[in-house]
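Given next are the chains, with one letter for each unit.
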Amino acid sequence: DTAVSQTPKYLVTQMGNDKSIKCEQNLGHDTMYWYKQDSKKFLKIMFSYNNKELIINETVPNRFSPKSPDKAHLNLHINSLELGDSAVYFCASSQERMQYFGPGTRLTVT
Amino acid sequence: RKEVEQDPGPFNVPEGATVAFNCTYSNSASQSFFWYRQDCRKEPKLLMSVYSSGNEDGRFTAQLNRASQYISLLIRDSKLSDSATYLCVASYGGATNKLIFGTGTLLAVQP
Chain A
3 DTAVSQTPKY LVTQMGNDKS IKCEQNLGHD TMYWYKQDSK KFLKIMFSYN
53 NKELIINETV PNRFSPKSPD KAHLNLHINS LELGDSAVYF CASSQERMQY
103 FGPGTRLTVT
Chain B
775 RKEVEQDPGP FNVPEGATVA FNCTYSNSAS QSFFWYRQDC RKEPKLLMSV
825 YSSGNEDGRF TAQLNRASQY ISLLIRDSKL SDSATYLCVA SYGGATNKLI
875 FGTGTLLAVQ P
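So the protein sequences, as listed, match chains A and B.
For what it's worth, my numbering labels the leading residue of the first sequence as 3, then goes sequentially.
For what it's worth, my numbering labels the leading residue of the second sequence as 775, then goes sequentially.
These are computed hints drawn from the structure, not numbers from a lab.
Here the structure is a predicted model, which means the values were calculated and not measured.
Accuracy of the hints is not assured; some may be wrong.
Computed footprint of chain A on chain B, listed as stretches where at least three residues anywhere in the stretch have a Cβ under 8 Å from a Cβ of chain A [what the hints assert, rightly or not]: (1) 819 to 833; (2) 854 to 865; (3) 873 to 879.
So the derived label-pair ranges between C-beta atoms look like this [what the hints assert, rightly or not]: (4) TYR866(B) to ARG108(A): 39 to 47 Å; (5) ASN839(B) to GLU84(A): 39 to 47 Å; (6) LEU820(B) to TYR12(A): 33 to 41 Å; (7) LYS816(B) to ILE57(A): 24 to 32 Å.
Positions of the beta carbon are idealized from the N, C-alpha and C atoms, including for glycine.
All chains should be built: construct the whole structure from the sequences, respecting the hints.
This is the structure we're talking about:
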C-alpha cells in the first residue's frame, strides 16, 4: 500500500509554462510538506500544512503556490516555470516527529 | 554556514568494515535529531532517531552530544546494501516539526 504518493513522477516542460504536482497520503497524518532537492542533492523545506492550514512558508518565490483541499492532499502549483526550478520535489507527511516521504517528482524545465 | 553540516564523502569501505559519520548542527534550539537514508533517485527514508543516551538498531548506533552539538552514526559490519547517502537531520519540533537536512554523506561499500 502506498503511504505517500505523488503524481506525476516525471515532468518535462518549457520555461514559462504553469504546472501542478499532486500529493496524497493515506496515513491519516495531520501535517504535510513540500521539499525541494536541487542538483547538489540539498533537501530544503518549502511549505508545510497542518489540517489544511499553512504553517511553514520558507523563502519561496510567489510563483509557487501550495493548496490543500483536505488534510490528505497537498498540491503544488508552479507558475511561469524557470530553468532554476528544475529539481526533485518531495512531498512528505507526519504525525508527531516522524516524516514519511513520497517517491518524488523530477521536474525538468527546458 | 549551513545549519546542519556533514562531510559529503564519499566514504569507500570494504564489506565488513565499520564506518562512522559525523554531523554538527548550529542551532541549539533544535529538539530532535534523526538519520535518514536516501538511495540513488529515491526518497529519503527514516533510518533512526538519535537520543542523548545513544540508541542502537542492529548494526547501527546513533549518538547525540548536545553540549558539542554533534551527532554521529556508526555502521558495523558494512553490507553492500548499506551503500546510500546518509542524511543528518535536526528538527525544531513543536507545531511546525520543521526538519533541517544536512547535505548528506555518500557511502559506497565495496565487495
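Verification of the hints:
no.	hint	result
1	819 to 833	holds (count 3)
2	854 to 865	holds (count 3)
3	873 to 879	holds (count 5)
4	TYR866(B) to ARG108(A): 39 to 47 Å	29 Å, violated
5	ASN839(B) to GLU84(A): 39 to 47 Å	42 Å, holds
6	LEU820(B) to TYR12(A): 33 to 41 Å	25 Å, violated
7	LYS816(B) to ILE57(A): 24 to 32 Å	27 Å, holds
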